[in-house]
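Student: One-letter residues, chain by chain:
Protein chains: 2
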Amino acid sequence: MSRIGPLSGFPEWLPSQRIVEQHVLDHLRTTFELYGFAPLETRAVEPLSQLLRKGDTSKEVYVLRRLHDDGADIDEDALGLHFDMTVPFARYVLEHAGKLQFPFRRYQIQKAWRGERPQEGRYREFLQADIDVVDRDTLPFHYDIEIPLIIGDALRALPLPPIRVQVNNRKLCQGFYQGLGIPDPEAALRAVDKSDKVPPAVVAELLITTAGATEAQAKACLALAEIATEDTSFVDAVRALGVSDPLLDEGLDELVRVMEAAREYQPGLLVADLKIARGLDYYTGTVYETRMIGYERVGSICSGGRYDNLATEGDVRYPGNGISLGVSRMLGVLFGAGALSASRSVPTCVLVALPSEESRVACDRIAATLRRRGIATEVSPSAAKFGRQIRYAERRGIPYVWFPGDGGHEVDGAGGGEVKDIRSGAQVPADASTWTPPDEDLRPRVIAAY
Amino acid sequence: MSRIGPLSGFPEWLPSQRIVEQHVLDHLRTTFELYGFAPLETRAVEPLSQLLRKGDTSKEVYVLRRLHDDGADIDEDALGLHFDMTVPFARYVLEHAGKLQFPFRRYQIQKAWRGERPQEGRYREFLQADIDVVDRDTLPFHYDIEIPLIIGDALRALPLPPIRVQVNNRKLCQGFYQGLGIPDPEAALRAVDKSDKVPPAVVAELLITTAGATEAQAKACLALAEIATEDTSFVDAVRALGVSDPLLDEGLDELVRVMEAAREYQPGLLVADLKIARGLDYYTGTVYETRMIGYERVGSICSGGRYDNLATEGDVRYPGNGISLGVSRMLGVLFGAGALSASRSVPTCVLVALPSEESRVACDRIAATLRRRGIATEVSPSAAKFGRQIRYAERRGIPYVWFPGDGGHEVDGAGGGEVKDIRSGAQVPADASTWTPPDEDLRPRVIAAY
Chain A
742 MSRIGPLSGF PEWLPSQRIV EQHVLDHLRT TFELYGFAPL ETRAVEPLSQ LLRKGDTSKE
802 VYVLRRLHDD GADIDEDALG LHFDMTVPFA RYVLEHAGKL QFPFRRYQIQ KAWRGERPQE
862 GRYREFLQAD IDVVDRDTLP FHYDIEIPLI IGDALRALPL PPIRVQVNNR KLCQGFYQGL
922 GIPDPEAALR AVDKSDKVPP AVVAELLITT AGATEAQAKA CLALAEIATE DTSFVDAVRA
982 LGVSDPLLDE GLDELVRVME AAREYQPGLL VADLKIARGL DYYTGTVYET RMIGYERVGS
1042 ICSGGRYDNL ATEGDVRYPG NGISLGVSRM LGVLFGAGAL SASRSVPTCV LVALPSEESR
1102 VACDRIAATL RRRGIATEVS PSAAKFGRQI RYAERRGIPY VWFPGDGGHE VDGAGGGEVK
1162 DIRSGAQVPA DASTWTPPDE DLRPRVIAAY
Chain B
742 MSRIGPLSGF PEWLPSQRIV EQHVLDHLRT TFELYGFAPL ETRAVEPLSQ LLRKGDTSKE
802 VYVLRRLHDD GADIDEDALG LHFDMTVPFA RYVLEHAGKL QFPFRRYQIQ KAWRGERPQE
862 GRYREFLQAD IDVVDRDTLP FHYDIEIPLI IGDALRALPL PPIRVQVNNR KLCQGFYQGL
922 GIPDPEAALR AVDKSDKVPP AVVAELLITT AGATEAQAKA CLALAEIATE DTSFVDAVRA
982 LGVSDPLLDE GLDELVRVME AAREYQPGLL VADLKIARGL DYYTGTVYET RMIGYERVGS
1042 ICSGGRYDNL ATEGDVRYPG NGISLGVSRM LGVLFGAGAL SASRSVPTCV LVALPSEESR
1102 VACDRIAATL RRRGIATEVS PSAAKFGRQI RYAERRGIPY VWFPGDGGHE VDGAGGGEVK
1162 DIRSGAQVPA DASTWTPPDE DLRPRVIAAY
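Those sequence lines, one after another, are chains A and B. Just so you know, we're using my numbering here: the first sequence kicks off at 742 and counts up by one. Just so you know, we're using my numbering here: the second sequence kicks off at 742 and counts up by one.
Just chain A, with the same shape it has in the complex (with noise of 0.2 Å):
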């Protein structure tokens, strides 16, 4: 026999599970077009000179081969599954500028793949949700506030844990490290960017050997790091470290706006904190991470910021700014938590039961009416006791069973017959073209248990 289980870092949902991850999907999406965002979606490969465009080979990329090809070499021509939407969608956009209209706004949802070790929250298979704006030269700022409130308005109607959107600058951290002196500022934003993961002593180490700090530099960066405040009292925190340079005061201003226009619009959503780097280095300006309140340990479920120059094709630049929310990591952990459910494992709202195999065509025709007017209907796979029958409806969680014509004994095929609730048991005649299940049972509904 073959090998049949469950791969490591390749998760796999229940039934009603995809149920509720499809009940985010569609609610994300919604969202999303509510917005403007155009529907995309780019092929799940890029050659490897894209994927390692700035010669990082550390990315645990996968490599495509086929089953026939001898050749064992990876060349630059090689194909490798994307391990994000944004190195995608900048060759896309280059790709297609001439037939988009920009400032172009899409969103995109799709499964991602890195060979990295998985752990909880992190996978090698993973779906992410991803809103971007791009436009050509230049990209006015309010879109650095306009979309971590996109994604506070996405998730807040949805059954999930509240979230907090961090927020930092990167001209406010590169400016500060400048103005302080040290030798390798993008050096020391990688070394702040572990904070969350290593010690403080280790950070300050890090800044020291690999940054070129002093040991009092290196004191005065962790000081920066350590400043989070939900209104814009940081500036004075960070005025009070006595250091200048003029793209601190840049950084200083941008994330200064983003959090006024923030507490106008979703108060509490955002929180200025200045440990933020976010280890990606396209990154130039505002940069988001997002944590799931009680569910902190999992990191970032939504990361993000302003990227000035991913896309550059000659003289022409596309600036952009986008956020990717990590469904499968949201999902996974509150899965494993049993904090998410479906009210029932299958669509179907209504069970027709079957008196015998000969009403197989009424029942069909009572089905086919019930759908019709927007009621899931299955009919009994066979014409067993109804008590069975019942029992096949109780373990899916289907609310209904319908029996057709005279209580299930007789079938007129007039779409007639009478309807049990089998939670209540409380049974009533209907008929297939007026009858109307409660809203609330029409679909399965998400059970949230926080």
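Since the hints were made in silico from the structure, they are not lab data. Just so you know, not all the hints are guaranteed correct.
No distinction is drawn between identical chains; accordingly, a pair holds when it is met within one copy or between any pair of copies.
[Unchecked claim] 30 Å max Cα-Cα, derived DSSO-like pairs, lysine-lysine:
| id | residue 1 | residue 2 |
| --- | --- | --- |
| 1 | Lys1126 | Lys840 |
| 2 | Lys852 | Lys1126 |
| 3 | Lys935 | Lys960 |
| 4 | Lys852 | Lys800 |
| 5 | Lys852 | Lys935 |
| 6 | Lys852 | Lys840 |
| 7 | Lys1126 | Lys938 |
| 8 | Lys960 | Lys840 |
| 9 | Lys960 | Lys938 |
| 10 | Lys800 | Lys935 |
| 11 | Lys938 | Lys852 |
From a predicted model like this one, the values you see are computed outputs, not experimental measurements.
Fit chain B to the given chain A structure using the hints.
Tutor: Just chain B, lined up with the frame of chain A:
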């Protein structure tokens, strides 16, 4: 600069085409759910041992390798991308049998990959929409009738060319070949499966060389493959060939039952076509292929059938019946023919014009009011001249531009203003809390030109 451009066999759509694709997918999903099929997704990869279960290494599987793996050997623990949904589904059923309710109905809409030579309608990455019903031990015959009718029901409400489902039965062919005395009936089936691609003389030659048929037997096989009827008259045509075998009788009887029921439910959808064999060797009874009328050249867009032995574990069998709709093939050929498009390239119904950057907060409020009422709305990216803002809407096909306040000159923030239909030029006073666009403008429409 890194390589930017299309990859042969990996199709990508423009946003307006993706809008069409999503419309099709939404409708398929809604239909499948109305019939009680539960949603499911499986991981994109399977161990090679699963993908090549019957020792068939002819499949052009993409094998994965991590970038930093040094071993270049492909062993059977290597992971490959799935080439259909059926093999992963069979594995999923065995793996999760204890948590599923049988008969188990599921739909699965996912990408699959094959490293084949690309041609019209044949891609290396493609989207499939599958439905299957599996049961433990035995699966009632009525599903053989239901499955193609569900596809007929799903497709007829979409703006696609009409379809014709060709049905045959493996038992009928195999019984006929046995009754004839052909030494290798399975090889005969594979030879006849090529009828669509090569002339009859070549099929005859294959029957002789690969299945051990005599010339007279080969002629009889070709005569059988020529029979195609819209009613049950195929029975007389087969009987006239003078072959008899118990398995042939069983196959004829099953095909009659499918054709009779289909005439009752959806007259004209099915044709009994005895050349349909389906290359895949897991089918054991009823088989289906589907042609789009006018686009027969791209081959079958929807294929499947009954399989009795795909998933077995010890003594337990999980027989099933399922069908797979080739969404990429179907849409790729229609997009290529310019036969399908969307009424606009964005979901946006209303663009709120921006009189000045200072009025952005007031304009955002108007947009939020419209969105809460389900109307997709963008605020203009900049306070350019109104003429330019109207062109922004025009280029995307956004039908309405909202001028806040007093025709756009004064913004009161109360949600009032004037709304212009930029197609007719008609402009009327409107309030964001009550104004509603005509139904046909609310979302992008799919436009078919056949």
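Student: The structure should be examined with respect to each hint, and the outcome stated for every one.
Tutor: Tested hints:
In this assembly of identical chains, the alpha carbons of Lys1126 and Lys840 lie at most 30 Å apart only when taken from different copies (24 Å versus 61 Å within one copy). Neither within a single protomer nor between protomers do Lys852 and Lys1126 lie at most 30 Å apart by alpha-carbon distance, with minima of 45 Å and 41 Å respectively. Proximity of Lys935 to Lys960 under the C-alpha cut-off of 30 Å is restricted to the intra-copy arrangement: shortest distance 15 Å within a copy versus 75 Å between copies. For the homomeric pair Lys852 and Lys800, the shortest alpha-carbon distances inside one copy (17 Å) and between copies (24 Å) are both at most 30 Å.
With identical chains, the CA atoms of Lys852 and Lys935 are at most 30 Å apart within one copy only, with a shortest distance of 26 Å there and 36 Å across copies. Both within a single protomer and between protomers do Lys852 and Lys840 lie at most 30 Å apart by alpha-carbon distance, with minima of 25 Å and 25 Å respectively. In the homo-oligomer, the alpha carbons of Lys1126 and Lys938 never lie at most 30 Å apart, since the shortest distance is 60 Å inside one protomer and 50 Å across protomers. In this homomeric assembly, Lys960 and Lys840 never come within 30 Å of each other (Cα to Cα): the closest approach is 51 Å inside a single copy and 55 Å across copies.
With identical chains, the CA atoms of Lys960 and Lys938 are at most 30 Å apart within one copy only, with a shortest distance of 18 Å there and 74 Å across copies. For the identical chains of this complex, Lys800 and Lys935 are intra-copy neighbours only, at 17 Å inside a copy versus 45 Å across copies, given an alpha-carbon limit of 30 Å. With identical chains, the CA atoms of Lys938 and Lys852 are at most 30 Å apart within one copy only, with a shortest distance of 26 Å there and 36 Å across copies.
In this structure, the earlier hints numbered 2, 7, 8 are contradicted, and the remaining ones agree with it.
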